[in-house]
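Chemist: What follows is the residue order along each chain.
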Amino acid sequence: MDLNTVLQILDSAVRLMTPLLLACLAGLYSERAGVFDIGLEGKMLMAAFTAASVAALTGNVWLGLIAGLAGSLALAAVHGAASITFRGNQLISGVAINFLASGLTVLLGQKIFGLGGRTPSLTPGAELDAQVTPFRAWLSGITGPDTAAALTATPRFGDITLPFADSLRGIPVVGPLYAEVISGHTILVYVAFLMVPLTWWVLYRTRFGLRLRAVGENPASVDTAGVSVTRLRFAAVAIAGLLCGLAGAYLATGLSAGFVKEMTAGRGFIALAALIFAKWRPWGALGATFLFGLLEAIANRYPNLDLGIVTVPSMFMNALPYILTVVILAGFVGRAVPPRAGGEPYVKER
Amino acid sequence: MAATVDPRGRLETAAPAAIELRGISKAFGPVQANRDIDLRVERGTIHGIIGENGAGKSTLMSILYGFYKPDVGDILVGGRPLTIADSQTAIRAGIGMVFQHFKLVPNFTVLENIILGAEEGRLLRPSLAKARGVLRQLAQEYELNVDPDETVENLSVGHQQRVEILKALYRQADILILDEPTGVLTPAEADHLFRILEGLRAEGKTIILITHKLREIMEITDTVSVMRRGEMVASVRTADTSPEELAELMVGRKVLLNVQKAPATPGQPVLEIRGLRMVDGSGVERLRGIDLEIRAGEILGVAGVSGNGQTQLLEILGGYPEKGSRLSGEIRMNGTPLPLSGGACNAAERRRQGIGHIPEDRQAEGLIMDFAAWENVAFGYHDAPEYGHGPLMDRDAIRRDAEGKIARFDVRPPTCDLAARNFSGGNQQKIVVAREIERNPDLLLIGQPTRGVDIGAIEFIHKRIVELRDAGKAILLVSVELDEIMSLSDRIAVMFDGRIMGERLSGQATTGDLGLLMAGIDPASAPPQDGNAPAGHPSEDPKTPRVS
Chain A
1 MDLNTVLQIL DSAVRLMTPL LLACLAGLYS ERAGVFDIGL EGKMLMAAFT
51 AASVAALTGN VWLGLIAGLA GSLALAAVHG AASITFRGNQ LISGVAINFL
101 ASGLTVLLGQ KIFGLGGRTP SLTPGAELDA QVTPFRAWLS GITGPDTAAA
151 LTATPRFGDI TLPFADSLRG IPVVGPLYAE VISGHTILVY VAFLMVPLTW
201 WVLYRTRFGL RLRAVGENPA SVDTAGVSVT RLRFAAVAIA GLLCGLAGAY
251 LATGLSAGFV KEMTAGRGFI ALAALIFAKW RPWGALGATF LFGLLEAIAN
301 RYPNLDLGIV TVPSMFMNAL PYILTVVILA GFVGRAVPPR AGGEPYVKER
Chain B
1 MAATVDPRGR LETAAPAAIE LRGISKAFGP VQANRDIDLR VERGTIHGII
51 GENGAGKSTL MSILYGFYKP DVGDILVGGR PLTIADSQTA IRAGIGMVFQ
101 HFKLVPNFTV LENIILGAEE GRLLRPSLAK ARGVLRQLAQ EYELNVDPDE
151 TVENLSVGHQ QRVEILKALY RQADILILDE PTGVLTPAEA DHLFRILEGL
201 RAEGKTIILI THKLREIMEI TDTVSVMRRG EMVASVRTAD TSPEELAELM
251 VGRKVLLNVQ KAPATPGQPV LEIRGLRMVD GSGVERLRGI DLEIRAGEIL
301 GVAGVSGNGQ TQLLEILGGY PEKGSRLSGE IRMNGTPLPL SGGACNAAER
351 RRQGIGHIPE DRQAEGLIMD FAAWENVAFG YHDAPEYGHG PLMDRDAIRR
401 DAEGKIARFD VRPPTCDLAA RNFSGGNQQK IVVAREIERN PDLLLIGQPT
451 RGVDIGAIEF IHKRIVELRD AGKAILLVSV ELDEIMSLSD RIAVMFDGRI
501 MGERLSGQAT TGDLGLLMAG IDPASAPPQD GNAPAGHPSE DPKTPRVS
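Taken in order, these protein sequences are the chains called A and B. Each residue of the first sequence is one higher than the last, beginning at 1 in the UniProt record's numbering. Each residue of the second sequence is one higher than the last, beginning at 1 in the UniProt record's numbering.
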């Protein structure tokens, strides 16, 4: 295995871990505030669909991103209402959201695009042009045809080449690492990685973070201090919604070009496993999701891993991330103490 | 104490009271937790509020702290009317509360807990620095030393309580409410707490102390109010009252119930308890060496203010001691020792040994509220051969049996398909009593048999208990109703602070005498009343030197 292969695998791992990392951080905010969220999957799926649909209809990925955030946020609002306002069971609410997203995306996709539940491919071509034309025509009425054409020509996030990526390539190891692995991703990848220190800072250095952590451990302490438990938890659930929105938008408009049905493929659940593996800590989330991303990248690269004596079949390699999830959830991580008030609606005791 | 503060002088000044409540009422559904409460607490005093569990003390204080809204009534703080809609309002009005169950975040440091909700700005660093300074100052002023960087879950309970007090003082509370503060403390920690409270009073703070322990009231308060069943029954200066009077006010007196019964003819000892001790999961000693003997054909009444170990005693005898507790001592049933722990110590095994149990809390332990009456009649005995074959239940047999019991115990309505929840309290209790008494146990444990039960059902239940006694069975009756104890028991033991304070024969006992024992005062002040206790077993209790 030469350096180039390693770099390619690492590069692939970075791309694949991004949605996991965003979803994992989403779960971290929510669960640290005491609201279990197994609806990460559904929120991501919904965001992927709304982002891809709007990007396909407008040819503008930024409008797609906003739609993705809105789609995810809408489901987060449902989860908040069910589990905070009405004190429902958080797990059931999450399951319901997953089913809702799974069904609704395909139904709406078929209704709007008639492509069997997928959106048009977001790569330039006739299929996309047909969708974008009405919007472009409408927009030219306002901005003029040139601006309209420019605004509707970016249906996907493009890769960003970081400064000096090419000039530093000559430096051994570090140069190619910078150029191949660190440079050349979409903006959302960098946003995801910046979210890690930002989340750490918010949690441990701000008033909001202190209260957020407190409400997940002992909401009564927050309530008796005169701070609203409901508002804090809604804030956390909303942040989770936004992060899932980023994750979903990245899946459909960054990692791939368009939405296909069930495209999250269990990433929401893997993110939950990573969250436990990370013991609900931001830097841990980075490490855990990198591990899952790496496994997926290896599986993609070596569908049939030849170990000399036996050849590991591709089915096994593809199942590896999921197997790891089971192993981790089965208690391989050691003592992972979840937020103490997690899963329980807050009711003032007599 | 009287030298430093003269409540009499303060009462006569025209200065507005620190807290004044006028006509406060609060109901939770059908339960009237507080009824028309008036209360006046003077500035710079320690005011005790005493009453049994469930008397409504905590509800009243939660209203004061903005946790509940009163249905009617006014609150005046420092003479000004105030609507306390939430805790934030209470905190701003200078009210601080130390709850019975601490409201701390266990994995936060002391400092983090203290600033939570009272941060200076959006960032934590300046708040933490300020709190550190304030904490150092408070520690010097009031002997409130706690390591500010220690994680709260690593602190002892006493230190955690200090953190709660510091939290209130950090928010500049002038009025400090403490709800059952000593329930979880060791005696030394409690003494330290009282020193802190005296220091706070000397600084002009007002303190409201909620407790059901008479000793604490007498030791530290200036004035005291007594609550009973949601009502404020008295407000007096502590110096003008006595523990006996307070005990009587707390327990109250009902119309004397008349129980027709012949003198007991006690036979062989059925249950013998020797040196029974129990330390609960949080390390508090709940039973401190219980010696009791119950003979066939007698009713032993255990009197006492609730929370003095009666519940623990019943749970241990019933075979389900509190999880995480440590037990020592010996219990013999008909001469055979009963296991105090391990797999053989369970409720089913105790039932097989001939111990019936009417639990104190029938809704939580005696019945499954959503199950039908006929199912409830079989519970605890559902493995009995007449109720089924092997793993299968014989529904018809159980229903026939239930119908018989319901008829004989006059349960109304007489329908065995109705869920237990839908019967009135008295009829729920009759279902439990029918189940346990008709099994004809050698020993029947009864906890609060008539709590929340109407007069008619009380008489009926009392009659059945006496019949069981006359059939030669042993009965252990635990009740906080002194009248019930006095009219039903053949022998009375009084529990206080995990001990048997004394025993009296029913005919010889007076309310005054029992009231003193319930307050932890031995009227004879001579060696403990072993004269009435069954002789032959010296007390193994070394009588730890505790002021109580």
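If you are wondering where the hints come from, they were derived from the structure by calculation, not from laboratory data. Honestly, I wouldn't trust all of these hints.
Stated by the list, open to error - Each computed DSS-like pair below joins lysine-lysine, with the alpha-carbon atoms no more than 30 angstroms apart:
(1) A:Lys111 x A:Lys279
(2) B:Lys323 x A:Lys279
(3) A:Lys279 x A:Lys348
(4) B:Lys69 x A:Lys348
(5) B:Lys261 x B:Lys463
(6) B:Lys323 x A:Lys348
Chemist: Decide, hint by hint, whether the structure agrees.
Modeler: Cross-check of the supplied hints:
no., hint, result
1, A:Lys111 x A:Lys279, "violated (42 angstroms)"
2, B:Lys323 x A:Lys279, "holds (29 angstroms)"
3, A:Lys279 x A:Lys348, "holds (28 angstroms)"
4, B:Lys69 x A:Lys348, "holds (12 angstroms)"
5, B:Lys261 x B:Lys463, "holds (9 angstroms)"
6, B:Lys323 x A:Lys348, "holds (25 angstroms)"
Comparing the model with each numbered hint stated earlier shows that hint 1 is the single one that does not hold.
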